[in-house]
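**Q** Going down the list, the protein sequences come from chains G and D.
Counting in numbering that gives the first Met the number 0, the first sequence runs from 0 upward without gaps.
Counting in numbering that gives the first Met the number 0, the second sequence runs from 0 upward without gaps.
Hints listed in this document are in silico derivations from the structure and should not be mistaken for laboratory results.
Worth double-checking, as some hints may not be accurate.
[To be verified] Listed below are several chain D residues computed to face chain G (Cβ distance under 10 Å; list not exhaustive):
#1 VAL73
#2 HIS83
#3 ALA91
#4 PRO102
#5 TYR117
#6 GLU125
[As the list claims (entries may be wrong)] 20 Å max Cα-Cα, derived SDA-like pairs, lysine to any residue:
#7 LYS277/G to THR116/G
#8 LYS84/D to ARG303/G
#9 LYS84/D to HIS21/G
#10 LYS84/D to PRO16/G
#11 LYS84/D to LYS277/G
#12 LYS84/D to THR116/G
We treat Cβ as the ideally placed atom computed from N, Cα and C, and that holds for glycine.
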Amino acid sequence: MTIIERQPLAHVGRSVPRRDAHEKLRGAAQFVGDFVVPRMVHGKVLRSPFAHARVVAVDASEAEALPGVVCVLTGDDLTDLDPYWGHAIKDRPIVALDHVRFAGEPVAAVAAEDEATAAAALNAIRVEYEELPVAGTIEQALADDAPILHEGPLRPGLFHGLGELPPREGNVCYRYRIDRGELESVFARADLIVEGEYSFPAVYQYAMETHTVVAQVEGEEITVWSTCQHPFLVRAELADLFAVPLASVRVVVPYLGGGFGSKSYTKMEPLTAALARKAGRPVRIQNRVDESMVTTRRHGMRCRMRTAMTNEGNLVARDVDCWFDTGAYADNGPRVTATGGDAAPGPYRWHAYRVDARCVYTNTGPAGSYRAFGAAHLQWIGESQIDELARRAGLDPLAVRRDNLCLPGEELRNGAKSLDADLIGDVEQAAAAVGWSEPKRANVGRGVSVGLLAAGAHPVSTAIVRLEADGQVVVLVGTTEVGQGPRTVFAQIAAEELGVDVEQVTVRGTDTRFTPYDRSTGASRSTTIAGLAVQRAARQVRDQLEEIAAGDPLEPTAYPELLRRHFGFTGGELIGSGEVAPTGTGSYAEGPVFWEVCVGAAEVEVDPETGVVRVRRTATVADVGRAINPQLVQRQDEGATLQGLGNALFEEMVFEDGQLLNDTLLDYRVPSFADLPNEMTCVIVENEDGPGPYGAKGCGEGALAAIPAAVVNALADVGVPMQELPLTPERVWRRIQTLKEEGKWPR
Amino acid sequence: MRIELSVNGEPCEADVWEGESLLYALRERLGLPGSKNACEQGECGSCSVLLDGKLVCACLVLAAQAEGHEIVTVEGLAEDGRLHKVQEAFVAAGAVQCGFCTPGLVVATADLLARNVYPSDDDIREALSGNLCRCTGYAKIFDAVRMAAASL
Chain G
0 MTIIERQPLA
10 HVGRSVPRRD
20 AHEKLRGAAQ
30 FVGDFVVPRM
40 VHGKVLRSPF
50 AHARVVAVDA
60 SEAEALPGVV
70 CVLTGDDLTD
80 LDPYWGHAIK
90 DRPIVALDHV
100 RFAGEPVAAV
110 AAEDEATAAA
120 ALNAIRVEYE
130 ELPVAGTIEQ
140 ALADDAPILH
150 EGPLRPGLFH
160 GLGELPPREG
170 NVCYRYRIDR
180 GELESVFARA
190 DLIVEGEYSF
200 PAVYQYAMET
210 HTVVAQVEGE
220 EITVWSTCQH
230 PFLVRAELAD
240 LFAVPLASVR
250 VVVPYLGGGF
260 GSKSYTKMEP
270 LTAALARKAG
280 RPVRIQNRVD
290 ESMVTTRRHG
300 MRCRMRTAMT
310 NEGNLVARDV
320 DCWFDTGAYA
330 DNGPRVTATG
340 GDAAPGPYRW
350 HAYRVDARCV
360 YTNTGPAGSY
370 RAFGAAHLQW
380 IGESQIDELA
390 RRAGLDPLAV
400 RRDNLCLPGE
410 ELRNGAKSLD
420 ADLIGDVEQA
430 AAAVGWSEPK
440 RANVGRGVSV
450 GLLAAGAHPV
460 STAIVRLEAD
470 GQVVVLVGTT
480 EVGQGPRTVF
490 AQIAAEELGV
500 DVEQVTVRGT
510 DTRFTPYDRS
520 TGASRSTTIA
530 GLAVQRAARQ
540 VRDQLEEIAA
550 GDPLEPTAYP
560 ELLRRHFGFT
570 GGELIGSGEV
580 APTGTGSYAE
590 GPVFWEVCVG
600 AAEVEVDPET
610 GVVRVRRTAT
620 VADVGRAINP
630 QLVQRQDEGA
640 TLQGLGNALF
650 EEMVFEDGQL
660 LNDTLLDYRV
670 PSFADLPNEM
680 TCVIVENEDG
690 PGPYGAKGCG
700 EGALAAIPAA
710 VVNALADVGV
720 PMQELPLTPE
730 RVWRRIQTLK
740 EEGKWPR
Chain D
0 MRIELSVNGE
10 PCEADVWEGE
20 SLLYALRERL
30 GLPGSKNACE
40 QGECGSCSVL
50 LDGKLVCACL
60 VLAAQAEGHE
70 IVTVEGLAED
80 GRLHKVQEAF
90 VAAGAVQCGF
100 CTPGLVVATA
110 DLLARNVYPS
120 DDDIREALSG
130 NLCRCTGYAK
140 IFDAVRMAAA
150 SL
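My request is simple: use the sequences and hints to build the entire structure.
**A** Printed below as a string of structure tokens:
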């Protein structure tokens, strides 16, 4: 155990109330759908009813003639530009040109004076389709006679960050492979081998606010108010699509009503901007829930895995094949596939492993980022195999982890950043929180799980801190407020560095015209990377103040006087800028920026008569280096825990022949008050081992990978091992019936 | 068609389309975007308002049905710039994250506590089961409701 001597800090480490709470509680916080732009009209999207078809003809003349209709956008309006976009692979047209690849794909869009007119106009557009064979599942897409979704050379997008993208292989648009050691010989010498096939469903992020965009195009000037997490990447894609300079595109992001990855990268912005360009007026498009569900989702996945151990409990080898269903367009699929591949071995000391992960096109809505992607897909599988090996060897699953987990400083993957967390300490705390060694009654089980998520994305962030003449501080930073609380955290950091009260610091939304560049809000990166940029910017202001003070003590109350002294006048401001970039060596040069810890534990009770799994206790570990705002850290883990329970127990998008069958909240259930566990514990671990400000590192995603894995392990501890999520009562009941037939239930 | 109604104690008039929801009228015609437009199916509770003191999803009520009735929205809960006790409790418990479900939850909680001063945990679960939140994990909303009940 390391004893850390902490320097006393005034604001960092305190649960300062959210700066935005009052606004949000009064209904005064502005979201994109609340914006009214002068002369704005309403946009609606005509979407393909077919999962795969050729578009023979689109006739919008009747719709365009309706009173109140401003214009109808079709593929014919895009002949003056290269209409393909996609940050990873440029595979997606703004609207369908001659081919639709999923049910729900935009074929045309209407702008009208009001929503009712726009909706009526959609019905007046005539589209002639010629249906094509559908590859609705991974299996169908990989079959020898599968319809091929995309032809021609693969065109890399602007920000895939994956080196050189190889050509497609049929419907496989990306493949990620890693290996270490002599796999087959290690397996041949192993005492115990567990292997199986597993399936993880497509799930929907369900941010409560659907994708909403207001766009205005005036000559080369494009302005979008958008529900996007990554305004600067959207800006770059729009500039690229419409062939205008970056500075001609302005992306404004107010408060976001949740994101969880569903608003990462570009979504509805190109279509809305193209419609506004044709309309010559600002246009608002607001998705319904069913439309957002086919705008993005989590990848469904199939996996084959085997893991080997010695009789003494040494984990020696793991072999993984997995296929991610990215839907009709790549979106963030290649990155999800790579992150899944990196998560697959888990943080153990292997002699050998091999991972082969493929990203597969199918005729379903595109899949992209969702909190803890990759790790959420693979951790429950790998961790359930470790528990199964422990059971066969008669060992305590916690002891197996204690003996095999990598230690801080150990290399995890060839050439990648070494382990920067105390995983054994973390999992022991999680286990203790669910009463690991307490006696269990019948049908109650406990499980733990440990994993890592490559976090931080590309570490480029800048920030500006302005000290105004009245002593107030303004922080300009591109991180978007999705609910996670960066405006509060950045205010704490700036206040800490400048010695002012948190209330004196203002952090507002992003407007790319004024806010400096920040790569993205995702991958748990904001506190660590953008936070460091804020800290550096604030320190620059402090340096300037020290110079002006020329040896006088720096009292925040005297800042206005110091500014007067410097400018010789009442007015002026001090400006500091901070930058984080992956130069030189150290944390920011080697990937990932940090390993996000995914550690959790659960206690469940199953009713064998109905198959209903009730989660009684959960524990997660926020191994954050330093909690700048402990309350916000806990809130992140609590939210991720409930999402993890939804992913584990009942969330599943059901497709048939590429058609999404449960596209409403009546049919697609998300966790409600009734699903809250009896006890939910979040342990905060602060070892100051992060690369961010004050030793911080990110959190908020790990719990969503850890909780499903812990629940699966807890259910297997009762005697019901499962290889398919979600753990619906029907699936669990059927599994129990099979176990009964095999004489394995009750155990 | 033209409707007359009372919103947050003020008489209002609006020109609405026959098929238009009360939610649309509040947000688009009356300049009150606090009630959120999310599922439009009465499943998420983000648009919860009080109609003659009764909790409703504004997305499921036609604007025309509100003719002559009294509506209270989230914007009408704070009085003289001071937060309602329910809103104060949400701040204290840290029950706010993205804030999109928050207006509906605050109205639904105010409705619960107006009917039931000492709600049990089951009462709270039942009363708020129609309000979804994807950020918080619900635990702190529970705490906020208990705190608000204690403070009233």
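**Q** Any hints from earlier that this structure breaks? Give me their numbers in increasing order, please.
**A** 5, 8, 11, 12
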